[in-house]
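Number of protein chains: 2
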Amino acid sequence: MAKIRQRKNSTRKETIIETAARLFRERGFSATSMRDLAEQVGVEAASLYNHISSKAEILQELCFKVANKFMSHIDKVDAADTSAIKKIEAVLRFHIQQMVHHYEEVYVSDREWKHLTDPYLSNIQTQRKVYRQRIASIIEEGIRKNEIKKIDAPTAVLIMLHAVSGIESWHRSKQKITGEMLEENMITILIGGLQNK
Amino acid sequence: MAKIRQRKNSTRKETIIETAARLFRERGFSATSMRDLAEQVGVEAASLYNHISSKAEILQELCFKVANKFMSHIDKVDAADTSAIKKIEAVLRFHIQQMVHHYEEVYVSDREWKHLTDPYLSNIQTQRKVYRQRIASIIEEGIRKNEIKKIDAPTAVLIMLHAVSGIESWHRSKQKITGEMLEENMITILIGGLQNK
DNA sequence: TGCTATAACTAACATTTGTTACCAGTTAGT
DNA sequence: ACTAACTGGTAACAAATGTTAGTTATAGCA
Chain A
1 MAKIRQRKNS
11 TRKETIIETA
21 ARLFRERGFS
31 ATSMRDLAEQ
41 VGVEAASLYN
51 HISSKAEILQ
61 ELCFKVANKF
71 MSHIDKVDAA
81 DTSAIKKIEA
91 VLRFHIQQMV
101 HHYEEVYVSD
111 REWKHLTDPY
121 LSNIQTQRKV
131 YRQRIASIIE
141 EGIRKNEIKK
151 IDAPTAVLIM
161 LHAVSGIESW
171 HRSKQKITGE
181 MLEENMITIL
191 IGGLQNK
Chain B
1 MAKIRQRKNS
11 TRKETIIETA
21 ARLFRERGFS
31 ATSMRDLAEQ
41 VGVEAASLYN
51 HISSKAEILQ
61 ELCFKVANKF
71 MSHIDKVDAA
81 DTSAIKKIEA
91 VLRFHIQQMV
101 HHYEEVYVSD
111 REWKHLTDPY
121 LSNIQTQRKV
131 YRQRIASIIE
141 EGIRKNEIKK
151 IDAPTAVLIM
161 LHAVSGIESW
171 HRSKQKITGE
181 MLEENMITIL
191 IGGLQNK
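From first to last, the protein sequence lines are chains A and B. 1 is the number of the first residue of the first sequence in the working numbering; add one for each residue after it. 1 is the number of the first residue of the second sequence in the working numbering; add one for each residue after it.
To be clear, the hints were calculated from the coordinates, so they are not data collected in a lab. One thing to keep in mind: the hints can contain errors.
Any copy, or any two copies together, can satisfy a pair, since identical chains are not distinguished.
[Claimed, not checked] Straight-line C-alpha distance at most 27 Å; calculated DSS-like pairs for lysine-lysine:
no., residue 1, residue 2
1, 13, 76
2, 150, 86
3, 86, 149
4, 55, 114
5, 149, 69
6, 65, 86
7, 174, 114
8, 86, 76
9, 76, 174
10, 149, 174
11, 76, 55
12, 176, 149
13, 13, 149
14, 129, 86
Start from the sequences, fold in the hints, and give me the full structure.
Next up, the structure:
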């Protein structure tokens, strides 16, 4: 019937993907129907297909957008000339900030990537593995230089990354501390837990 | 057609729920169909209903079984006469051990409880909230007694509990360290991160 | 041997699902 | 003013979903 009120400076496709991210977070990818999504966008389900080609594509866009963001950040960190523990702190702070400010998409891509299908599934799995190995390598470097406690590096990675995903609880809690306070607390505990002495 | 080979010492219903736990972990609750489940059990979908009353019931049983286990454990910990930091360590060790040895059910109840429906949903939400508050109280006690760093207690809880759920990655990894090693590493990092000095 | 409870089967149901085909109105550029 | 690109709607689809009804065959016990 009608053309569109182009909201703000975002395209219609972006609006759909943003809305989808919210629903996928709240209900999960599988439990969100295209009709649910359409209703939230304010349109009929079939109309969504003027902007996206499938439900799967939405998840792909979300997952790869986030994956690229984290990959290019760790590139910069790796290139920097600082101590291992500082590098780990930088990675951790980036994760925290992303979870605080781009909650929906980061959370969804972390929890729902399993619903991708090949070749996207294999691609993401590889990227995740590589990413974790890169962090583990920094930690091992830190252990050799005695900056970091003698621990199993993959275990440390697992703790770091999963602890960060707990920021979901913070978002849903009534009386939140500020994002900055949250960040400092998490750094205190996690970097404090890794650091030697 | 045929009667049953009653496997081991578990009832048919228990077999179904165990199998469901595995599938719910792998694919998620919503993405697992009753026909998928039936196939894994080795039976037609309709036959499942001789043992369970609905798909929802399976999730309920899993969630409340796990919730009860954690609730009664923290009761014991609370009653004990030790330092706050020792109590936190006990809770943490219990979580780790449960995730190591009862992976499927613990993981599923932690990730999929959102798909419960009322009144079960409200019930679980309340239980989870209470549980986290009890841990937070112990941490706050530890802060007052100077056993624990001056941090935001809810944030510490969030880190602890989510870090533990990372044990999923450990389960799926090829070259695992032992469960005992995993536990010690996690305790080193997390208790080390909380402890004062 | 015959009775009863159990647990499997087949068939079918009403919904819900993702998606397509097709049409209609609006907007922008010529 | 005419056209083309968009973006919306309606109707419909085939497949998949959770679940029920009704039936049959087995196992254990009287």
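Which numbered hints fail = 1, 5, 9, 11, 13
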